[in-house]
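S.K.: Chains as they are written, first to last, in our numbering: chain A, 1 to 98; chain B, 1 to 98.
Please keep in mind that the hints were generated in silico from the structure rather than gathered at the bench. Just so you know, not all the hints are guaranteed correct.
The list cannot tell twin chains apart, which means a pair is met if one copy fits it or any two copies do.
Straight-line Cα separation of at most 27 Å, BS3-like style, residue types lysine-lysine; simulated pairs [claimed, not checked]:
hint, residue 1, residue 2
1, Lys80, Lys47
2, Lys97, Lys47
3, Lys26, Lys80
4, Lys47, Lys31
5, Lys80, Lys54
Fair warning: this is a prediction, and the values are worked out from it, not measured in the lab.
Spelled out, the chains give:
There are 2 protein chains.
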Amino acid sequence: MPEIQPLSEAHVEQALQSLPGWVWTKDMLYKSFTFSDFVAAFSFMTKVALQAEKRDHHPNWSNVFNRVEIYLTTHDAGNKVTVRDTAMARAIEDVVKL
Amino acid sequence: MPEIQPLSEAHVEQALQSLPGWVWTKDMLYKSFTFSDFVAAFSFMTKVALQAEKRDHHPNWSNVFNRVEIYLTTHDAGNKVTVRDTAMARAIEDVVKL
């Protein structure tokens, strides 16, 4: 499947242009989100969880109070960044705007 | 407040007797939970989130697909384990049984 081919560095850099705050690190896309409190952070996580399940593409993520850190990688591509990750990052950005 | 006094090693060890799978590490109580899939894992997280907010005691936790790792510590006690953590661990054990 083309969507689980690792993206080239150029493709990832291009995708990052429209993904503010996301960084490419250790074969993952990473972003830290800070909210007003735990309720806001977990509400965001719930929306992301629904997107993750719908896309069958689940994040590696952690939460402490009002902060949520998300790492995206494609396990089936040998833990490399693929379009499934950039698409999920975009979906997460859309969730933030809700 | 007595509830945010760090617990002695003896007290933590005693609490752990009734908290199967929890370990005391680096001034935190830790347990890893594995579920059948992401939906089960996130459903558990939602229940834990409601307990956390109700108790105003929020975990440091992470999730990857069907696994949830939880670290409990009391920030207001200088990141030591207090009865707020052992009580939260018990509440989490109760949530698992739901």
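S.K.: Hint by hint, note whether the structure agrees.
M.R.: Evaluated hints:
no.	hint	result
1	Lys80 / Lys47	within (24 Å within a copy, 32 Å between copies)
2	Lys97 / Lys47	both (11 Å within a copy, 25 Å between copies)
3	Lys26 / Lys80	within (9 Å within a copy, 32 Å between copies)
4	Lys47 / Lys31	both (16 Å within a copy, 25 Å between copies)
5	Lys80 / Lys54	within (21 Å within a copy, 39 Å between copies)
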